[in-house]
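Novice: Protein chains in written order, with our numbering: chain R, 6 to 411; chain X, 6 to 411.
Derived from the structure by calculation, the hints contain no laboratory data. The structure displayed is predicted, hence computed values, not measured ones. Hints should not be assumed to be uniformly reliable.
As the list makes no split between identical chains, a pair holds if one copy fits it or if it spans any two.
Only pairs whose alpha carbons sit at most 30 angstroms apart, straight line, appear in this in silico DSBU-like list of lysine-lysine [said to hold, decoys possible]:
{"#": "1", "residue 1": "Lys404", "residue 2": "Lys379"}
{"#": "2", "residue 1": "Lys213", "residue 2": "Lys35"}
{"#": "3", "residue 1": "Lys68", "residue 2": "Lys385"}
{"#": "4", "residue 1": "Lys368", "residue 2": "Lys213"}
Residue strings, one per chain:
There are 2 protein chains.
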Amino acid sequence: MSVGLKLPTSILPINGIRLSTCCANLYKKKRTDLTLIEFAEGSNVAAVFTKNLFCAAPVQIAKQHLTEYKPRYCLINAGNANAGTGEQGLLDSSITCKALANATGCKEGEVLPFSTGVIGEVLPVDKINTVLPELVENLSANSWLDAAKAIMTTDTIPKAVSKTISLGESAISITGVVKGSGMIRPNMATMLAFIATDANIRKDMLEKILLHAVNKSFNRITVDGDTSTNDSCVLIATGKARHKCIDDQSSEEYAILENALTSVFCELSQAVIRDGEGASKFLTIKVTGGKQQSECIDVAYKIAESPLVKTAFTASDANWGRILSAIGNSGINDLDINNIEVFLDNICIVENGQRAASYTEEKGSMVMLQDEIKLTVNLKRGEHQEVIWTTDLSHEYIKINAEYRT
Amino acid sequence: MSVGLKLPTSILPINGIRLSTCCANLYKKKRTDLTLIEFAEGSNVAAVFTKNLFCAAPVQIAKQHLTEYKPRYCLINAGNANAGTGEQGLLDSSITCKALANATGCKEGEVLPFSTGVIGEVLPVDKINTVLPELVENLSANSWLDAAKAIMTTDTIPKAVSKTISLGESAISITGVVKGSGMIRPNMATMLAFIATDANIRKDMLEKILLHAVNKSFNRITVDGDTSTNDSCVLIATGKARHKCIDDQSSEEYAILENALTSVFCELSQAVIRDGEGASKFLTIKVTGGKQQSECIDVAYKIAESPLVKTAFTASDANWGRILSAIGNSGINDLDINNIEVFLDNICIVENGQRAASYTEEKGSMVMLQDEIKLTVNLKRGEHQEVIWTTDLSHEYIKINAEYRT
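Extracted from the complex, chain R is given alone in its bound form (with noise of 0.2 angstroms):
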């Protein structure tokens, strides 16, 4: 039930990354649930992590892991969310990197740790322990699209994209992929997302670049307003392109570079919204006029997370009122309703705080009948803008949700 999604095509393999699939029986059907990815000698590495306080065991390993060592894997099991799970939970964690640290002769700190799935129970460790040799045997430059289906819990399609660009005489690649359908309201980055790059940048560029790109992809979505344990962002410079290293945040090299992984992250992030837990539409919400951009945020996502916004959407009913009713909630005091201007794609549906005089139900209908809707909400207070994505609330989401562990 995705909005505008088509199974990945030419996903292009990146120099220095590898990667691996397999099956460790963490779900009751047969599927791969377990991911290896590794980095060849030297890359760079930047991640960013959930905010949620409940942040998983594997999260905190791999926080950990970064900052003392350069990391060569990174290992991603579904099925199992390995958080709220204390202790236990962290040995867990660590003991699976250090079994594949000696299947590959790594230290156990160049291992990150990923978990996605059901919050609560024990990690299996023996499950995933058993497969490992046969994950590193099969290490291959060409299994991104792999990845992308054995990181997938509640999602319904794979999620990959790649994109090549110049950088002066180098040709650069990036490929990235992605997980997340539902408690999708990514605080710093979204469920799972692995990005690589042959690009050649120094270690404190990278991070730089990670921290823009999330801010306008990952950290601009919601599907239902709730922030998961398990939220990871990594991106991977693996350096081996021909070109000069990237040391200038000034450079003509860094902007190209940071704009190009801007606008993957962004199409990555959008991948998760149209296939979003029960979506039946893509909903882009644009707030423009706004006296700083944290308001224009702030209106964006109030209108983003009403269910009662979201069930209009769902019926192709331009009921507008629920929407001046979420603008009018979103904290902002001293704003003057009056001047609310209100646009469905091209059609204005308010004006001066009320319903447009050249408003009719059919045009409002005309566009609510389509998959992809963009809502324009004008403040007319100031020069900021901000764009986030979201979906509707359907009754597929319910049964999601209300069936995920039975």
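Starting from the structure of chain R, add chain X where the hints point.
Specialist: Only chain X this time, still in chain R's reference frame:
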């Protein structure tokens, strides 16, 4: 589909109050949709209103009339919220007040107008004015239940509560009605509530009691986190009971009346939740051990408004990981998650931030099958506590709100 609600019986008349309802044809289907409440001369009236910036035209008019006059009438229509209607809406609301003033001989400013229903459509003033003489003619002390019915919109059952207390030698009666089922996250008051007593109390004392009672009742409930444009709560004291006027906040009489009114307010606000759109469960969320009351409220609402927690309750699935995740997202940055305890009724499901040793899925499932469940979270960092009430999120909620205007 309400939870534990029955048709109200033994609703007491209040000395000094008369009511009347009729059909003004504001719905396609024939039903009563217009209500008049008359208060005896000398009655004191206190009211609180929505904090939504897009507050409806009648709310703006009622606020203004209340500051300038001593009200004699509430005129309430269902079927049209007269919100998002700009200058026209203010004019329309005034016209109905003026027409009622003509029909009763009172001043326009002595009428408080209220509207509830679809947002953004023009109020059909003529339909209302036509039936005002009939409405005035039929005023009766015994029409409380009729009023509870005529103010309903998506409510499935009329909601009314009565109580009597002794104040020294005097018997005091309290009767209240409320409507509300969706767009429920009141901020000062719920959709529409009218509570009357024959107690004799000074206006400033009555206002204090109203604020206290609202903060323990209508400001502690949520269905979907959406604050309406029309929320209003009116408390009337006719002063017809034969006791000395209450004019001292430290008196025993003040305390007795405050307690009794708060109890009626709580029962009414809980009725709104029991009749919440699509509700299949009535959930009490109690947060204890907070450093401040505000953090208890933040945690409680974060749990109550998480679509993932709500759908788990719909499915009777004790998915406590989603509860932990919601607590972790509630914005208390110095919270030590390793101290958290969570109870479903008397079953401890989480201790020290992880699954309780004594907990089994069977124990959790037994509680989850109930219609009424109390969820208790102990933050273990202070002495404050708060209680709020909410519902689950079911297919029925989607159905009601996707089809609201069709």
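Novice: Can you list which hints this structure breaks, lowest number first?
Specialist: 2, 4
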